[in-house]
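There are 2 protein chains.
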Amino acid sequence: MEEKSEQLHQNIAHLSDLLHSGQDEAFVTSFNALHDFEMGQVYSGLPEQLRAVAWRLLDNETLATVFDNIDVDDEDIDDLLQEMPPQKAVQILRNMYADNEVDLLQEMPTRLVATYLSLMPKDEAEDIRKLINYEEQTAGSLMSIEYLAVEADLRVDEVMRLVKQQALEAEAINYVYVLDKQERLVGVISLRDLLTHPDDMLVSEITKDRIISVKAGDDQQDVAQIVADYNFISIPVTDDNDRLLGVITVDDIVDVIDEEAVEDYSGLAAVNVSQTDDTAWHSAIKRIPWLIALLLLGMSTATLISSFDGLVRKASILAVFISLITGTAGNAGTQALALAVRRLAVGSNNSAVKNFLSEILAGFLVGTATGFSVFLIVTFWKHNYQLGLAVGIAMAIAIMVANLAGYLIPVLIDKLGMDPAVASGPFITTLSDLTSVLIYFNIAQLFISHFTGA
Amino acid sequence: MEEKSEQLHQNIAHLSDLLHSGQDEAFVTSFNALHDFEMGQVYSGLPEQLRAVAWRLLDNETLATVFDNIDVDDEDIDDLLQEMPPQKAVQILRNMYADNEVDLLQEMPTRLVATYLSLMPKDEAEDIRKLINYEEQTAGSLMSIEYLAVEADLRVDEVMRLVKQQALEAEAINYVYVLDKQERLVGVISLRDLLTHPDDMLVSEITKDRIISVKAGDDQQDVAQIVADYNFISIPVTDDNDRLLGVITVDDIVDVIDEEAVEDYSGLAAVNVSQTDDTAWHSAIKRIPWLIALLLLGMSTATLISSFDGLVRKASILAVFISLITGTAGNAGTQALALAVRRLAVGSNNSAVKNFLSEILAGFLVGTATGFSVFLIVTFWKHNYQLGLAVGIAMAIAIMVANLAGYLIPVLIDKLGMDPAVASGPFITTLSDLTSVLIYFNIAQLFISHFTGA
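Residue numbers (the working numbering), protein chains in the order written: chain Y, 2 to 455; chain E, 2 to 455.
FYI, nobody ran anything at the bench for these hints, they're computed from the structure. Some hints could be false.
The list treats identical chains as one, so a pair stands whether inside a single copy or across any two.
Unchecked claim - Each computed EDC-like pair below joins lysine to aspartate or glutamate, with the alpha-carbon atoms no more than 16 Å apart:
no., residue 1, residue 2
1, Lys165, Asp200
2, Lys182, Glu152
3, Lys355, Asp278
4, Lys131, Asp259
5, Lys209, Asp37
6, Lys315, Glu62
7, Lys287, Asp256
8, Lys182, Glu170
9, Lys355, Asp279
10, Lys131, Asp200
11, Lys216, Glu136
12, Lys383, Asp310
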């Protein structure tokens with residue numbers, strides 16, 4: 002990775018030098034030799050005053066490629082566009098792929114978006130406005146509207162001619178979509194089939210009519226799952242009347258899978274891990290609110306223990322096992338949580354009731370095995386099987402409860418229509434601290450006359 | 002998801018009926034109308050005695066598509082192949098993409114692999130043997146050897162003719178690779194450029210010579226990062242002398258990203274989440290070893306508390322804050338761990354020393370803020386600022402230590418050449434329980450004469 006960033010710095014330094022020394026043509030040539038992704042990195046890495054020269058030298062298509070390849074989450078991409086007069090910015094926007102254009106506009110102040118749209122041809126502005134209105138994390142928000150579409154009654158060579166004409170515009174050229182008179186999607190032709198069949202064949206013979214498509218409102222995670230399963234390079238998006246609205250390409254799906262994984266992982270850790278090069282200060286600011294919130298939840302456990310002060314005074318040995326029971330139950334809860342979140346993400350072949358019963362049984366098995374282990378350990382360690390019994394039973398029940406909570410909380414969050422990944426591991430462990438202590442002290446109270454010998 | 006699986010059951014039932022009622026031709030037609038991915042699902046879903054009919058009816062190419070589309074991790078794919086005589090199995094293997102063929106062979110007993118290879122043409126067997134020898138999780142293990150390659154001095158129409166000839170074999174047709182006489186990769190031509198330039202143009206004019214490629218030994222995670230960044234549909238793999246060995250296609254990269262995300266997530270939760278439809282029994286068996294291992298680690302904390310029994314007897318109030326301090330420090334450690342694992346996965350633009358110092362500082366800020374909060378809470382709750390001070394200071398130091406451990410452990414694991422994702426959240430929290438208790442009781446000992454008023 003450091004290698005990559007060194008290469009980037011070299012590129013930026015080299016291109017800056019060319020601009021500084023007035024070698025405009027050499028700059029344009031060198032810049033155009035970069036890979037698309039590098040163009041984005043280099044452009045946003047140039048000092049502002051050099052960017053002001055650069056965008057005057059580069060053509061609109063190149064600049065569109067630059068902006069197509071800057072991640073809206075990573076950089077202040079909207080600032081980069083605002084460095085130019087609106088007329089220029091609009092030329093660039095119009096040359097971008099619609100999905101990236103929309104992502105970029107969504108980062109901008111509403112007033113500015115209105116200005117840009119007012120400078121576009123009316124029908125184009127209308128298309129963009131529609132795309133902006135799709136909810137985030139839906140298929141509609143991911144799709145581009147630059148696809149290849151034809152009618153059914155053409156020959157291979159005629160379709161190939163259309164493909165050649167439109168290939169520069171289209172974001173994905175691997176599939177050509179067949180539409181009927183009402184713009185409904187009725188078939189898909191693969192470019193591979195077009196290339197390997199005779200020119201005079203009717204494309205209807207190589208058109209697949211069993212189409213896998215998604216609706217504009219579908220969740221991006223479900224779309225990603227389909228593309229991953231079917232090994233698609235792109236997937237068509239339709240409205241409720243099967244009219245083709247756009248296509249989602251696999252590069253956007255790769256981003257979705259990454260984004261969802263980071264979300265799940267962040268949730269489990271109770272810290273947003275999407276930025277890895279934060280300053281210490283920013284990093285701390287991200288972590289502290291979670292820790293303080295969990296601290297306050299943890300205070301309820303402290304209060305509970307405090308209310309059992311009499312019991313602890315009678316048997317100080319009870320203090321020894323607090324962290325063992327809360328810790329182990331917390332670990333069990335985290336496991337159940339992770340399994341539940343993952344199952345919600347990838348889907349399950351079983352009914353909800355079956356999953357629930359299965360989890361109860363798994364929790365029972367896990368709790369019993371672990372409780373029995375701790376019973377043996379404590380009995381032999383403290384030569385006191387009544388104490389071992391109290392700790393073992395408390396451990397078993399605490400694990401079953403934590404396990405159930407770890408399973409139920411993400412399921413309930415999902416039912417409420419939210420992302421179950423927000424249910425974090427630390428939240429579960431802190432919550433299960435409370436239930437574990439409650440179970441532990443109540444059971445200890447039942448057994449205390451036995452194990453203290455009082 | 003349930004919808005999808007219902008569709009699958011319908012497909013299986015329908016195709017089974019056709020076989021049962023002897024409608025062989027209808028079966029073949031219906032089966033061939035399925036999407037590639039569905040073929041794999043349906044075939045492995047048929048009852049064994051019907052599969053024995055099915056493979057006799059379907060041609061080798063279709064069967065190769067079936068096996069190309071069954072996930073080796075999900076199903077007993079090797080058993081499916083062993084249902085056929087070796088001669089038939091080899092015909093299918095030879096029609097599969099080499100990367101999938103190798104994945105499949107790697108699931109098989111060595112003796113059987115030798116049999117299959119002995120039934121192939123010598124050069125083909127040699128190619129496959131080479132691929133089998135690449136280490137898992139490297140670029141070499143992901144690549145397929147069916148790519149499009151040409152020499153530099155051809156015209157567009159000549160290359161297009163070669164593309165058309167080879168399009169059925171190649172796994173990815175979006176790029177054509179240009180090789181020199183020594184088979185070294187010297188350029189890449191995109192199919193899009195071939196389609197949009199005149200037939201009589203020399204391809205050297207549309208060949209990109211700034212090639213992004215990977216080496217066969219590169220880690221799959223690094224390859225995935227490059228493909229994701231550059232939005233590639235495939236990436237070439239070369240040996241140390243820049244000779245082209247194969248290509249990796251984006252569908253395999255999607256699987257890698259998913260696999261790595263599941264690994265990271267499983268690590269953080271201390272449970273393998275890759276199977277979501279386990280039975281309760283299997284699910285419990287997966288969780289119990291981790292819980293017992295962590296329980297044993299947790300016993301060291303219990304032993305430590307036990308050694309402070311005298312202190313707890315003097316001030317039972319100390320028991321109240323054990324779970325608060327261990328819990329909060331554990332949460333902080335989990336956050337640091339998650340950030341460190343993620344940073345190792347995506348790479349960092351900063352030096353290791355800078356990251357280390359930054360994490361120390363972040364831990365200091367987090368610890369101070371949280372310690373101060375708990376000082377205020379305890380002081381007001383128990384009207385005892387000395388107690389508040391003891392708990393607050395202990396909390397601050399415990400967090401800093403847990404934070405540092407959470408950061409250092411994955412970094413050290415990475416330095417040892419292992420996947421840092423094995424460092425689990427529960428391991429960190431259980432370990433930090435020990436250090437937190439040690440810090441807490443030592444500090445409490447210093448303060449005890451003050452806050453007990455003794």
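Here is how each hint holds up against the structure:
Taking the closest pair of Cα atoms, Lys165 and Asp200 come within 16 Å of each other both inside a single copy (14 Å) and across two copies (12 Å). Taking CA atoms no more than 16 Å apart as the test, Lys182 paired with Glu152 passes inside one copy only; the shortest distance there is 8 Å, against 44 Å between copies. Proximity of Lys355 to Asp278 under the C-alpha cut-off of 16 Å is restricted to the inter-copy arrangement: shortest distance 10 Å between copies versus 43 Å within a copy. Taking CA atoms no more than 16 Å apart as the test, Lys131 paired with Asp259 passes in neither setting, with 26 Å inside one copy and 32 Å between copies.
With identical chains, the CA atoms of Lys209 and Asp37 are at most 16 Å apart between copies only, with a shortest distance of 12 Å across copies and 33 Å within one. In this assembly of identical chains, Lys315 and Glu62 lie within 16 Å of each other by CA distance neither inside one copy nor across copies; the values are 80 Å within and 77 Å between. Neither within a single protomer nor between protomers do Lys287 and Asp256 lie at most 16 Å apart by alpha-carbon distance, with minima of 23 Å and 31 Å respectively. For a Cα distance limit of 16 Å, the shortest separation of Lys182 from Glu170 qualifies neither inside one copy, at 23 Å, nor across copies, at 35 Å.
Taking the closest pair of Cα atoms, Lys355 and Asp279 come within 16 Å of each other only across two copies (11 Å); inside a single copy the shortest separation is 44 Å, beyond that limit. Proximity of Lys131 and Asp200 under a CA criterion of 16 Å is satisfied in neither setting, with 38 Å inside one chain copy and 39 Å between copies. When the C-alpha separation of Lys216 and Glu136 is checked against a cutoff of 16 Å, the pair qualifies only within one copy, where the shortest distance is 13 Å, while the shortest distance between copies is 41 Å. In this assembly of identical chains, the alpha carbons of Lys383 and Asp310 lie at most 16 Å apart only when taken from different copies (13 Å versus 22 Å within one copy).
Checked against the numbered hints listed earlier, the structure breaks hints 4, 6, 7, 8, 10; every other hint is satisfied.
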